[in-house]
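Enquirer: Listed below are the residues making up each chain.
Protein chains: 10
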Amino acid sequence: MTHAIVLVQAERTALADLGGQLAEIPGVAEAYSVTGEWDFAAILRLREQDDLAHVVTERLSRLPGIVKTQTMVAFEVYSRHDLEALFSVGE
Amino acid sequence: MTHAIVLVQAERTALADLGGQLAEIPGVAEAYSVTGEWDFAAILRLREQDDLAHVVTERLSRLPGIVKTQTMVAFEVYSRHDLEALFSVGE
Amino acid sequence: MTHAIVLVQAERTALADLGGQLAEIPGVAEAYSVTGEWDFAAILRLREQDDLAHVVTERLSRLPGIVKTQTMVAFEVYSRHDLEALFSVGE
Amino acid sequence: MTHAIVLVQAERTALADLGGQLAEIPGVAEAYSVTGEWDFAAILRLREQDDLAHVVTERLSRLPGIVKTQTMVAFEVYSRHDLEALFSVGE
Amino acid sequence: MTHAIVLVQAERTALADLGGQLAEIPGVAEAYSVTGEWDFAAILRLREQDDLAHVVTERLSRLPGIVKTQTMVAFEVYSRHDLEALFSVGE
Amino acid sequence: MTHAIVLVQAERTALADLGGQLAEIPGVAEAYSVTGEWDFAAILRLREQDDLAHVVTERLSRLPGIVKTQTMVAFEVYSRHDLEALFSVGE
Amino acid sequence: MTHAIVLVQAERTALADLGGQLAEIPGVAEAYSVTGEWDFAAILRLREQDDLAHVVTERLSRLPGIVKTQTMVAFEVYSRHDLEALFSVGE
Amino acid sequence: MTHAIVLVQAERTALADLGGQLAEIPGVAEAYSVTGEWDFAAILRLREQDDLAHVVTERLSRLPGIVKTQTMVAFEVYSRHDLEALFSVGE
Amino acid sequence: MTHAIVLVQAERTALADLGGQLAEIPGVAEAYSVTGEWDFAAILRLREQDDLAHVVTERLSRLPGIVKTQTMVAFEVYSRHDLEALFSVGE
Amino acid sequence: MTHAIVLVQAERTALADLGGQLAEIPGVAEAYSVTGEWDFAAILRLREQDDLAHVVTERLSRLPGIVKTQTMVAFEVYSRHDLEALFSVGE
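Residue numbers (this note's numbering), protein chains in the order written: chain G, 2 to 92; chain S, 2 to 92; chain L, 2 to 92; chain P, 2 to 92; chain Z, 2 to 92; chain V, 2 to 92; chain D, 2 to 92; chain C, 2 to 92; chain A, 2 to 92; chain B, 2 to 92.
None of the hints are false.
Keeping only pairs whose Cα atoms sit at most 16 angstroms apart, straight-line, the calculated EDC-like set for lysine to aspartate or glutamate is: (1) 69(P) x 59(P); (2) 69(P) x 12(V); (3) 69(G) x 59(G); (4) 69(S) x 12(S); (5) 69(B) x 38(B); (6) 69(V) x 59(V); (7) 69(V) x 38(B); (8) 69(A) x 38(Z); (9) 69(G) x 12(D); (10) 69(C) x 59(C); (11) 69(C) x 12(C); (12) 69(V) x 12(B); (13) 69(B) x 38(C); (14) 69(D) x 38(D); (15) 69(L) x 12(G); (16) 69(S) x 12(P); (17) 69(B) x 59(B); (18) 69(L) x 38(G); (19) 69(Z) x 38(L); (20) 69(B) x 12(C); (21) 69(L) x 12(L); (22) 69(P) x 38(P); (23) 69(A) x 59(A); (24) 69(G) x 38(D); (25) 69(V) x 12(V); (26) 69(S) x 38(P); (27) 69(C) x 38(S); (28) 69(D) x 38(A); (29) 69(A) x 12(Z); (30) 69(D) x 12(A); (31) 69(Z) x 12(L); (32) 69(S) x 59(S); (33) 69(A) x 38(A); (34) 69(P) x 38(V).
I should point out that these hints are in silico values taken from the structure, not numbers from a laboratory.
Sequences and hints are given; from them, build the entire structure.
Expert: Structure, rendered in structure tokens:
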């Protein structure tokens with residue numbers, strides 16, 4: 002499983018709906034509206050690394066109202082949870 | 002449940018062990034070593050908002066080798082998963 | 002009580018009225034026009050943490066003339082005053 | 002009354018005690034440990050503008066463990082509360 | 002006397018006239034076009050601190066062609082000159 | 002007359018004395034401790050442009066406790082005051 | 002052989018096609034869509050240093066949809082591969 | 002094949018040798034000393050994505066003299082060359 | 002002789018012609034298109050310091066296609082060449 | 002001829018001597034102490050592009066007291082002067 006966090010800056014007019022739209026993209030496990038410099042953070046969990054390009058550059062970055070995105074790909078994942086099991090439930 | 006993402010900049014010498022140490026802190030569901038300006042990202046899931054102060058300022062920020070942290074607290078959480086159920090399994 | 006400070010950058014044309022508009026939003030205890038990089042700072046005091054999302058993303062960020070906001074949520078509050086008592090007077 | 006907000010960046014080792022120390026300085030009405038780039042935010046309320054120099058440059062900036070401060074002075078204050086009355090109680 | 006320095010970033014088209022317009026605002030003692038990141042610096046000298054808000058937010062910031070301003074208020078003033086005397090001559 | 006503004010960042014330990022030391026340097030007409038990212042601003046007024054190098058690189062930048070300086074030289078000066086006359090009194 | 006890396010920031014609408022367009026410019030050996038602050042990175046390998054100006058300022062920077070570019074020219078190249086041989090195959 | 006570019010900031014004393022040391026790390030195809038804000042850029046070509054974590058966090062980031070690194074992982078690779086063939090020659 | 006370097010950021014559409022236009026301004030000895038964050042660097046050599054204001058604010062900054070300029074004035078000039086002689090040839 | 006500008010940030014203690022030391026390096030035609038964020042700017046004129054690596058990474062960057070350098074290489078040079086002739090006199 003490939004994990005990544007995408008930070009998103011949005012136009013003021015897109016703030017209300019963008020969170021929901023982000024979470025509907027297959028591969029986006031969770032999306033938060035957040036405090037700080039960025040407006041949203043999306044947590045991606047993908048079966049194949051190759052899906053990352055598609056989700057980020059073809060789906061996520063093109064949502065209307067997005068001004069800027071910055072993707073952080075996880076080199077290594079540390080967790081007491083078995084994330085693969087947790088997130089493949091009902092995948 | 003309160004969700005937050007803490008971005009961490011670390012000293013070179015701390016890179017090898019800090020990921021595991023972050024994930025061992027109660028309240029840290031996952032920690033990643035990541036690409037980009039930051040060295041690690043920790044995803045926090047807390048039953049009570051008041052735990053946030055304790056986890057960030059008293060546990061996380063004081064791990065040896067941490068240079069700088071930046072916390073993004075989730076205003077709203079959007080997800081097709083029932084995160085509360087998923088992450089209270091075996092909590 | 003949840004406390005937060007929201008820093009606001011505004012369009013030149015909005016400078017005259019934005020201070021008053023910020024202070025009229027329920028949950029905004031005080032708003033200042035300020036020196037430095039930001040144009041305004043709003044101090045939020047909210048009974049419920051969940052109100053924070055509503056006040057920031059649905060009310061405050063959508064005021065006309067706002068270019069950028071940055072929210073700092075208080076982990077811990079230190080004060081010789083009993084802020085809860087002070088600010089629930091006439092709430 | 003003069004109002005100001007001082008943003009503070011602190012050494013990791015000072016995080017535990019600095020909040021309380023800030024709030025003990027006469028003129029500091031409240032201090033928060035906060036999310037985001039800064040570690041603390043102090044809200045100053047001063048009877049005389051001249052006190053500002055003393056509080057910031059002679060008291061606050063010299064607390065051990067402070068790395069950097071940035072002061073935002075309020076040009077104008079907008080509030081439904083009578084802040085002067087509220088904060089001179091027991092001053 | 003309250004002293005302040007306001008740094009100004011201007012649109013290219015406003016460069017020719019903005020210096021003179023800044024200096025004509027009561028309270029602006031001097032204005033310079035300057036080298037470096039900013040285009041102009043205005044030095045304010047005001048009898049009353051309360052005038053600061055009016056000069057900066059109601060007069061100066063609204064001059065056509067201004068993109069961004071950053072105000073630095075003087076906490077303390079050090080000078081071998083008696084600035085009050087110098088600048089109240091013919092005030 | 003050549004005019005310039007030098008912005009100064011100082012070590013915490015130098016905050017108390019640096020303002021006075023700046024103002025004692027011949028050519029420095031005024032020095033302020035200021036709000037915002039910088040700690041001090043010095044206003045230079047020099048009879049000869051060539052003095053600028055000496056004042057900034059040989060006198061000012063070498064005061065103990067200075068971390069960083071940024072000099073803005075005035076291209077043009079706009080003022081209702083006759084600054085040359087004002088500042089050559091008792092020079 | 003002259004080597005250089007050009008970092009590219011693009012408009013959202015150009016993300017889909019710009020990678021391919023970059024790789025078609027003679028002198029661009031490879032182009033990646035990348036994680037982080039930039040959207041693309043192009044690796045240039047040029048027989049003559051003089052070609053660099055033409056490729057960057059006349060071809061690359063003028064592709065529609067480019068917002069900003071930043072070129073890093075290689076002073077020295079370290080590699081276990083014989084890059085000249087590798088990349089002149091079929092040039 | 003996974004491609005990535007790692008930007009490196011180095012201590013002055015490490016400038017002479019770091020280029021060669023970077024290029025000796027298995028997985029680093031090329032390293033350049035470069036113009037601009039960064040001191041070196043390393044181009045990584047890895048058979049398995051999982052090797053990325055090892056090369057960056059366990060080998061590259063721990064070379065003596067490295068101050069800061071920033072990794073850009075390639076989502077998609079565009080090239081007229083068959084990079085896999087080129088770079089697996091003699092791998 | 003007064004020396005200065007003016008860094009220039011330009012609109013994409015102005016890249017082709019701006020170099021030549023910069024070099025035609027009396028007082029601009031040389032102009033380069035450059036690698037890095039800026040697009041051009043102009044080297045100014047002026048007989049009188051007062052010419053600097055005219056060249057920068059009235060001629061250079063108003064060339065069409067210029068987005069931002071940043072002027073660095075030389076305090077002192079160090080050179081094995083007699084620059085005054087070199088550059089007054091045919092002035 | 003290859004032209005480049007190297008911007009230099011120096012330790013306070015190196016300000017007095019670094020200008021002269023820069024100008025003594027073969028290939029450095031001129032060095033200025035400058036206003037603004039940087040302390041010095043060196044203008045390089047080199048017969049061979051390959052000399053650039055040697056001058057910047059092996060000579061210039063290793064002068065004691067240098068904190069950071071940023072090199073801007075000229076893609077194209079625009080000038081009414083015949084710079085090659087001017088600067089090869091007495092080379």
